[in-house]
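Undergrad: The chain contents come next:
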Amino acid sequence: MYRWLLCFRYLKTRYIALASIISVTLGVATLIVVNAVMSGFSVEMHERLHGLASDIMIECHATGGMPDPEGHLREIERICGPAIVGSSVSVSVPAMLGIDFRGQQIGRHVNLIGLDPETYNRVSDFGKYLLHPENKTSASFDLRDSGYAPDREGLEKAGWEHRRERVEQDRQIEAMLAEERRMMEELKRQKMTPEEIAAEQAASSAAAAGPSFGPSLAIPGMPQTSEESLVASIDPMKEQFDGIILGISTCSVRTRDAEGEVFDHYYAQPGDDVRMIFPSASEDTKVLNQKFTVVDLYESGMSEYDSTFAFVRLDRLQDLRGMINPESGVRSVTTIQLKVAEGVDLNLVRDALRRRFPAEVYPYNIQTWRDLQGPLLSAVRLETTILNILLFLIIAVAGFGILATFFMIVVEKTRDIGTLKALGASGHGVSSIFLSYGLLLGFVGSGAGLVGGLLFVDNINGIAGIVERITGQEVFDPTVYYFSEIPTIIEPLTLVWVMIGAMTIAVLASVLPAIRAARMHPVRALRFE
Amino acid sequence: MSDSTPSDSVVLSARGLTKSYHKDRIAVPVLRGVDLDVEQGLVTALVGRSGSGKSTLMHLLATLDRPDEGEVWFRGSRVDNASRSKRDHFRNHDIGVIFQFYHLLPELSALENVLAPAMIGQSFFRYLKNRSENRKRAEAMLDRVGLLHRASHRPSEMSGGEMQRVAIARALMTDPKMLLADEPTGNLDTETGHEILTLLDELNRTDGMTILMITHDDEIAAGADVCWRMKDGLIEDNRIQQSVAA
Numbered sequence: 000m001y002r003w004l005l006c007f008r009y010l011k012t013r014y015i016a017l018a019s020i021i022s023v024t025l026g027v028a029t030l031i032v033v034n035a036v037m038s039g040f041s042v043e044m045h046e047r048l049h050g051l052a053s054d055i056m057i058e059c060h061a062t063g064g065m066p067d068p069e070g071h072l073r074e075i076e077r078i079c080g081p082a083i084v085g086s087s088v089s090v091s092v093p094a095m096l097g098i099d100f101r102g103q104q105i106g107r108h109v110n111l112i113g114l115d116p117e118t119y120n121r122v123s124d125f126g127k128y129l130l131h132p133e134n135k136t137s138a139s140f141d142l143r144d145s146g147y148a149p150d151r152e153g154l155e156k157a158g159w160e161h162r163r164e165r166v167e168q169d170r171q172i173e174a175m176l177a178e179e180r181r182m183m184e185e186l187k188r189q190k191m192t193p194e195e196i197a198a199e200q201a202a203s204s205a206a207a208a209g210p211s212f213g214p215s216l217a218i219p220g221m222p223q224t225s226e227e228s229l230v231a232s233i234d235p236m237k238e239q240f241d242g243i244i245l246g247i248s249t250c251s252v253r254t255r256d257a258e259g260e261v262f263d264h265y266y267a268q269p270g271d272d273v274r275m276i277f278p279s280a281s282e283d284t285k286v287l288n289q290k291f292t293v294v295d296l297y298e299s300g301m302s303e304y305d306s307t308f309a310f311v312r313l314d315r316l317q318d319l320r321g322m323i324n325p326e327s328g329v330r331s332v333t334t335i336q337l338k339v340a341e342g343v344d345l346n347l348v349r350d351a352l353r354r355r356f357p358a359e360v361y362p363y364n365i366q367t368w369r370d371l372q373g374p375l376l377s378a379v380r381l382e383t384t385i386l387n388i389l390l391f392l393i394i395a396v397a398g399f400g401i402l403a404t405f406f407m408i409v410v411e412k413t414r415d416i417g418t419l420k421a422l423g424a425s426g427h428g429v430s431s432i433f434l435s436y437g438l439l440l441g442f443v444g445s446g447a448g449l450v451g452g453l454l455f456v457d458n459i460n461g462i463a464g465i466v467e468r469i470t471g472q473e474v475f476d477p478t479v480y481y482f483s484e485i486p487t488i489i490e491p492l493t494l495v496w497v498m499i500g501a502m503t504i505a506v507l508a509s510v511l512p513a514i515r516a517a518r519m520h521p522v523r524a525l526r527f528e
Numbered sequence: 000m001s002d003s004t005p006s007d008s009v010v011l012s013a014r015g016l017t018k019s020y021h022k023d024r025i026a027v028p029v030l031r032g033v034d035l036d037v038e039q040g041l042v043t044a045l046v047g048r049s050g051s052g053k054s055t056l057m058h059l060l061a062t063l064d065r066p067d068e069g070e071v072w073f074r075g076s077r078v079d080n081a082s083r084s085k086r087d088h089f090r091n092h093d094i095g096v097i098f099q100f101y102h103l104l105p106e107l108s109a110l111e112n113v114l115a116p117a118m119i120g121q122s123f124f125r126y127l128k129n130r131s132e133n134r135k136r137a138e139a140m141l142d143r144v145g146l147l148h149r150a151s152h153r154p155s156e157m158s159g160g161e162m163q164r165v166a167i168a169r170a171l172m173t174d175p176k177m178l179l180a181d182e183p184t185g186n187l188d189t190e191t192g193h194e195i196l197t198l199l200d201e202l203n204r205t206d207g208m209t210i211l212m213i214t215h216d217d218e219i220a221a222g223a224d225v226c227w228r229m230k231d232g233l234i235e236d237n238r239i240q241q242s243v244a245a
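Just so you know, the sequences run in chain order A and B.
Using numbering that gives the first Met the number 0, you'd call the opening residue of the first sequence number 0 and step up by one each time.
Using numbering that gives the first Met the number 0, you'd call the opening residue of the second sequence number 0 and step up by one each time.
Wrong hints could be hidden among the right ones.
[As the list claims (entries may be wrong)] Just the calculated beta-carbon pair ranges, DEER-fashion:
id	chain 1	residue 1	chain 2	residue 2	range
1	A	I499	B	R153	32 to 40 Å
2	B	S8	A	T503	41 to 49 Å
3	B	R153	A	V450	30 to 38 Å
4	B	R24	A	F399	31 to 39 Å
5	A	L381	B	R83	49 to 57 Å
6	A	L381	B	R134	55 to 63 Å
7	A	I393	B	K135	24 to 32 Å
8	B	R153	A	V42	50 to 58 Å
9	A	V450	B	R24	55 to 63 Å
10	A	K11	B	R83	54 to 62 Å
11	B	K128	A	V450	49 to 57 Å
12	A	A403	B	K128	38 to 46 Å
13	A	T503	B	N186	41 to 49 Å
14	B	R24	A	L507	32 to 40 Å
Hints were generated in silico from the structure; no laboratory data involved.
Because the structure is a prediction, the values reported are computed rather than measured.
Positions of the beta carbon are idealized from the N, C-alpha and C atoms, including for glycine.
Generate the whole structure from the sequences, applying the supplied hints.
TA: And the structure:
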């Protein structure tokens, strides 16, 4: 009884001890905040990474891809049985994206993926990252009228509305240019000899044979290449090319204006036409140059994906690349995505598949989504571990502070210890005063840290805002992280461990002073001045 | 008398106690074979000049320290070589100790200081169970020393005499068989010291409390029933005073 009474009294009267546990408080609060932010980040990242990639991916390195995907899927089903709950096949090919922007060409290296939206959605989140609300539920490669992202600056009119406006505008410009050219030629012709005119005509048709971008290509009276005469057969006001869905960063840049506000600038948006240049699947690889109409944008928040992916319809890409066996009509694919039942160990499934399709025989790469993102995930894990160790060291340092303070308190209380012993208190009882005191200090310190940490986490975005205002430095840069807010997740188990750890350190730090108090000789203690 | 076994009327007795302190490997003898008896219901004074070993003797009698040789008997049983917990219980329950420097716990109020022995002697749950009785007893003890009105005051708010009264109340808390007082007036002015002595005398007369009082003051010793005189670690003589002899 007396030990609790005394240690409560000590707590109330010894402020120096409270000072020594402020570091415990700070350490605990920091641990809680760091863990909440790190687990918020990693959960968000896991969710995104996993959402984008299917559970298991079988990639074929051959340019022609793997023939007979149906047969492969049957084989996989035979091996894995009910573990596989969904599958999708796709074609993935490196490509160059060409965007015509105000008369200039913008080239981007992308990963062109031919997919079947319906089955693809079953193995991973695809639709959910598209801009158009209807595409989110059922992705389509047809351009929609409007409503892509009316609240985004620059995308208000995306869709057919934008397309018609743009075509109209291009036609006007084109008509003006044609008129100008005609007048110039007229002017020249008046000055030139017939030989010079003939040479001029030859040169202009040669120049036009190269790639000439721009949606308005069907200009009457202009020299046409064979491809362009083909595409000219569609009316861009009413028709579209094959649909393509671009990763949002392939066709936009995110920057800050003079006021520091983040804004996106779009080089292409739904309704625009872009060009894709990619290799054919034939043995003597040819370069294919194909026009597509942007029908939606893909924004997952993972810059790696958003800046490299472009999606088209699987069957169209197979047609274009010649991935159909002319005899059997069977189509090839380069990738098989599998969705594995909940709770099944992905590595086991992967290993089973690897045994069936050994790398020595098949040019396949079989990976789980964790393998794909292994370095990133392990980097985050490592970072969390190291931060936890470092912060626990801070609390350990605080423990030495408690140790020193407690030694001082024990010395200061020498006479009282003698008194207690003279009154019949045992050494055990005296030492338990200081152990309880340490426990109490640890509890108060880590409790305050817990409350502080939770409050901090709860208001972390507000605090980040205040820090930004004071320092003028952006704490959480949305151009870097693609999250608009700092994600946090508080795991109760982590809190429990942090509290237990901090209290253990506080108690351990009070063990030595407590032993010293217990061993104190009562007579010497009573005589202590 | 020194060879005889203690009679029934003797509460506390020492037999052949020796104790020396070591200073740089040289043993400095403080007690050199002390025999002492404290008789039931009397005020016994132990007089000696400073350095005569009387405080050391008291520490041995209160089992705060252990003798090099010799025995301490309390009501027919040896206490100096008893187990640690038995000695703790002996100090807590059988004797009440009063010090020259009061030794109150500064964090606790007067009442809590008086309660301290009960808290120490009883387990947490037993104390909680007996809380109101303990409190009543502590208040009664404070009342006995005339300080009930100061129950909630801290030692730092009290005078020396008041603190010594609280210490006496604390010593009485567990209803001990005897009080050991180490220079109870040594730190007080004459008048206050006199008050404390009167209080102790009263306890002896009304309650029959056995008291062993250590002092260097012959005048104080003269008021006791029995007086033992110490010099250089030995009992010089013991004398039954007039009041008892009469």
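Undergrad: Are the hints correct? Go through all of them and say.
TA: Hints versus structure:
no.	hint	result
1	A:I499 / B:R153: 32 to 40 Å	holds (36 Å)
2	B:S8 / A:T503: 41 to 49 Å	violated (56 Å)
3	B:R153 / A:V450: 30 to 38 Å	holds (31 Å)
4	B:R24 / A:F399: 31 to 39 Å	holds (36 Å)
5	A:L381 / B:R83: 49 to 57 Å	holds (52 Å)
6	A:L381 / B:R134: 55 to 63 Å	holds (60 Å)
7	A:I393 / B:K135: 24 to 32 Å	violated (50 Å)
8	B:R153 / A:V42: 50 to 58 Å	holds (54 Å)
9	A:V450 / B:R24: 55 to 63 Å	holds (58 Å)
10	A:K11 / B:R83: 54 to 62 Å	violated (31 Å)
11	B:K128 / A:V450: 49 to 57 Å	violated (35 Å)
12	A:A403 / B:K128: 38 to 46 Å	holds (39 Å)
13	A:T503 / B:N186: 41 to 49 Å	holds (44 Å)
14	B:R24 / A:L507: 32 to 40 Å	holds (38 Å)
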